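Student: What follows is the residue order along each chain.
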Amino acid sequence: MSVDAATVKRIGRLARIRIEEAEVEGYQAELNAILGFVEQLSEVDVEGVEPMTSVTPMHLRRRDDVVTDGNYAEQIVKNAPLTEDNFFMVPKVVE
Amino acid sequence: MTELTKLSLADARKGLKDKSFTALELTDAYLGAIDAGNDKINAYVATTPEQARDMAKASDAKLSKGEAGLLEGIPLGVKDLFATKGVHTQAASHILDGFKPEYESTVTANLWRDGAVMLGKLNMDEFAMGSSNETSYYGSVVNPYRAEGSNANLVPGGSSGGSAAAVAAWMCAGATATDTGGSIRQPAAFTGTVGIKPTYGRCSRWGTVAFASSLDQAGPIARTVEDAALMLQSMSGFDPKDSTSVDLAVPDFAAAVERGVKGLTIGVPREYRMDGMPAEIEALWNQGLEWLKAEGATVKDISLPHTKYALPAYYIVAPAEASSNLARYDGVKYGLRVSGKDITDMYELTRAAGFGREVKRRIMIGTYVLSAGYFDAYYVKAQKLRTLIKKDFEDAFNAGVDTILTPATPSAAFAIGDEALASDPVAMYLNDVFTVTVNMAGLPGIAVPAGRDGKGLPLGLQLIGKPFDEETLFAAARVIEKSTGTRFAPTRWW
Numbered sequence: 001m002s003v004d005a006a007t008v009k010r011i012g013r014l015a016r017i018r019i020e021e022a023e024v025e026g027y028q029a030e031l032n033a034i035l036g037f038v039e040q041l042s043e044v045d046v047e048g049v050e051p052m053t054s055v056t057p058m059h060l061r062r063r064d065d066v067v068t069d070g071n072y073a074e075q076i077v078k079n080a081p082l083t084e085d086n087f088f089m090v091p092k093v094v095e
Numbered sequence: 001m002t003e004l005t006k007l008s009l010a011d012a013r014k015g016l017k018d019k020s021f022t023a024l025e026l027t028d029a030y031l032g033a034i035d036a037g038n039d040k041i042n043a044y045v046a047t048t049p050e051q052a053r054d055m056a057k058a059s060d061a062k063l064s065k066g067e068a069g070l071l072e073g074i075p076l077g078v079k080d081l082f083a084t085k086g087v088h089t090q091a092a093s094h095i096l097d098g099f100k101p102e103y104e105s106t107v108t109a110n111l112w113r114d115g116a117v118m119l120g121k122l123n124m125d126e127f128a129m130g131s132s133n134e135t136s137y138y139g140s141v142v143n144p145y146r147a148e149g150s151n152a153n154l155v156p157g158g159s160s161g162g163s164a165a166a167v168a169a170w171m172c173a174g175a176t177a178t179d180t181g182g183s184i185r186q187p188a189a190f191t192g193t194v195g196i197k198p199t200y201g202r203c204s205r206w207g208t209v210a211f212a213s214s215l216d217q218a219g220p221i222a223r224t225v226e227d228a229a230l231m232l233q234s235m236s237g238f239d240p241k242d243s244t245s246v247d248l249a250v251p252d253f254a255a256a257v258e259r260g261v262k263g264l265t266i267g268v269p270r271e272y273r274m275d276g277m278p279a280e281i282e283a284l285w286n287q288g289l290e291w292l293k294a295e296g297a298t299v300k301d302i303s304l305p306h307t308k309y310a311l312p313a314y315y316i317v318a319p320a321e322a323s324s325n326l327a328r329y330d331g332v333k334y335g336l337r338v339s340g341k342d343i344t345d346m347y348e349l350t351r352a353a354g355f356g357r358e359v360k361r362r363i364m365i366g367t368y369v370l371s372a373g374y375f376d377a378y379y380v381k382a383q384k385l386r387t388l389i390k391k392d393f394e395d396a397f398n399a400g401v402d403t404i405l406t407p408a409t410p411s412a413a414f415a416i417g418d419e420a421l422a423s424d425p426v427a428m429y430l431n432d433v434f435t436v437t438v439n440m441a442g443l444p445g446i447a448v449p450a451g452r453d454g455k456g457l458p459l460g461l462q463l464i465g466k467p468f469d470e471e472t473l474f475a476a477a478r479v480i481e482k483s484t485g486t487r488f489a490p491t492r493w494w
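If you read the sequences in order, they're chains A and B. Taken in order, the first sequence gives residues 1 to 95; the numbers are from UniProt numbering. Taken in order, the second sequence gives residues 1 to 494; the numbers are from UniProt numbering.
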């Protein structure tokens, strides 16, 4: 499988990374080189093989559904580029 | 007095206990070494001298009261991937511009609990994506080793290039590092240092900037096998804050170092004998086997048939998980923000400006393989390959193999700005061909310096172990370390 210029732009939009027109060709070549490299997996018959879900034989632990943390909103927003009253500020999203 | 920074971590512990010098003197010696050499090596992206001296003074107080912790007064460097409270933590990326976390990673908290002293934060490939430390926003790290008769700067490997270079150049007694596809073992091999990636789950991932969550593991880079064992001892342990942390007792790793290899069976996987392997790598590998045999080990040829598929499967799994993990960098919660005409514009401009080219490339690949219609063909297929790769190792261990010996890297350190590698992403990825299988199967792996190439550059061997059997790796690596009959050290030029 290989990607064309339109697909590169579409992936950029999905990934929320602005791809300038002049960059499309470069990304297209690089992505196709990588996709070409991973293509060799098609040689392997994986019929009946379970996909790995955990690298160690363990179940994810669960904890009681109770509040164990919190009440430090100031610390949460401390590194944010723009805040007001412990809220993250973003451009208007609802007209 | 011998130069304090040249002591191994273990010898520095003894000197502190014997009161031959104080923790403050040791810390000042390292801070001096950083001041004198960091503009050439570029290993540190931030130093914390005041904090280091305060921690050293606290250690001296504890030492005088006989209350020393495992690493009391030992000055360490910390890879920029670990959250350190109030201190530069940017994964060597521009997108985390100015980020100073309000919390401490579990691994570093464990080290400070045991008395270690923080010297500063170490350079790395951006978000741990790279094998040469050239993708850092803070510029390349320079390998303390140079080829004989050459002044050309070489890469220290990556992604933990700052960690490896700082340890080799005596700018810290040991360093934290992380390994997703080889990022501890490859730079250790390039710098004549020892690096271990423990079993997945041994070290908590909490507070470590995530790259590929099912592959990432923390571990140490140090100057000797014993030093690495001491550091891993402190870094390991169960952490309820990481759901993949394993609730297992941490063995006394340092006690295993001198255990020897008598009676052990060493596996030699035929698939690692790649076409075009340099003769000196092959000779190094055979030499390592001879050393282990001389100490009473048995060598057994084995087959790991899916080896060649590990790297392509990795380049699906790792970017897929990265694209998901790195979605959080959006200009809202922390770091860089570039304003746009609306919120989507802001996201796109922030991420375009904040991420470097390699990181963007991997996010794009990850986004593509996870996108509608491609998930089964790529991600699920790669996870099936992982099952097969893991089974290859299980079959070998079930057939009586205790540990597997392989080369650590296909070559010694290469030049900064290598044109052929820069123009072909896949060629750079091949650096991890011997190490990446270990991450895919969640196993422990150690790189230990074993020889030098024709130009005098260090070469490493890798030992791969059974899950949670790091002890055998330390024991076997120690046999190789002793057998070389030399202590690896660069000739100082910086």
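Note that these hints are calculated values from the structure, not bench results. On a predicted model such as this, the values are computed, not experimentally measured, just so you know. Even for Gly, the Cβ is constructed at its ideal location relative to N, Cα and C. Errors might be hidden in some of the hints.
Only pairs whose alpha carbons sit at most 35 Å apart, straight line, appear in this in silico DSBU-like list of lysine-lysine [as the list claims (entries may be wrong)]:
#1 K78/A with K466/B
#2 K9/A with K40/B
#3 K100/B with K333/B
#4 K40/B with K341/B
#5 K14/B with K466/B
#6 K100/B with K92/A
#7 K9/A with K241/B
#8 K391/B with K455/B
#9 K262/B with K341/B
#10 K92/A with K390/B
#11 K262/B with K482/B
#12 K65/B with K17/B
#13 K85/B with K78/A
#14 K9/A with K308/B
#15 K57/B with K19/B
#16 K293/B with K78/A
#17 K78/A with K390/B
Far from chain B by the CB rule (all over 10 Å, computed), these chain A residues [what the hints assert, rightly or not]:
#18 E30
#19 A33
#20 P51
Student: If a hint holds in the structure, say so; if it doesn't, say that too.
Tutor: Results of checking the hints against the structure:
| no. | hint | result |
| --- | --- | --- |
| 1 | K78/A with K466/B | violated (43 Å) |
| 2 | K9/A with K40/B | violated (40 Å) |
| 3 | K100/B with K333/B | holds (12 Å) |
| 4 | K40/B with K341/B | violated (42 Å) |
| 5 | K14/B with K466/B | holds (32 Å) |
| 6 | K100/B with K92/A | holds (27 Å) |
| 7 | K9/A with K241/B | violated (38 Å) |
| 8 | K391/B with K455/B | violated (39 Å) |
| 9 | K262/B with K341/B | violated (69 Å) |
| 10 | K92/A with K390/B | violated (49 Å) |
| 11 | K262/B with K482/B | holds (15 Å) |
| 12 | K65/B with K17/B | holds (11 Å) |
| 13 | K85/B with K78/A | holds (12 Å) |
| 14 | K9/A with K308/B | holds (32 Å) |
| 15 | K57/B with K19/B | holds (14 Å) |
| 16 | K293/B with K78/A | violated (58 Å) |
| 17 | K78/A with K390/B | violated (43 Å) |
| 18 | E30 | violated (6 Å) |
| 19 | A33 | violated (6 Å) |
| 20 | P51 | violated (4 Å) |
In the structure shown, a violation is registered for the earlier hints numbered 1, 2, 4, 7, 8, 9, 10, 16, 17, 18, 19 and 20, in ascending order.
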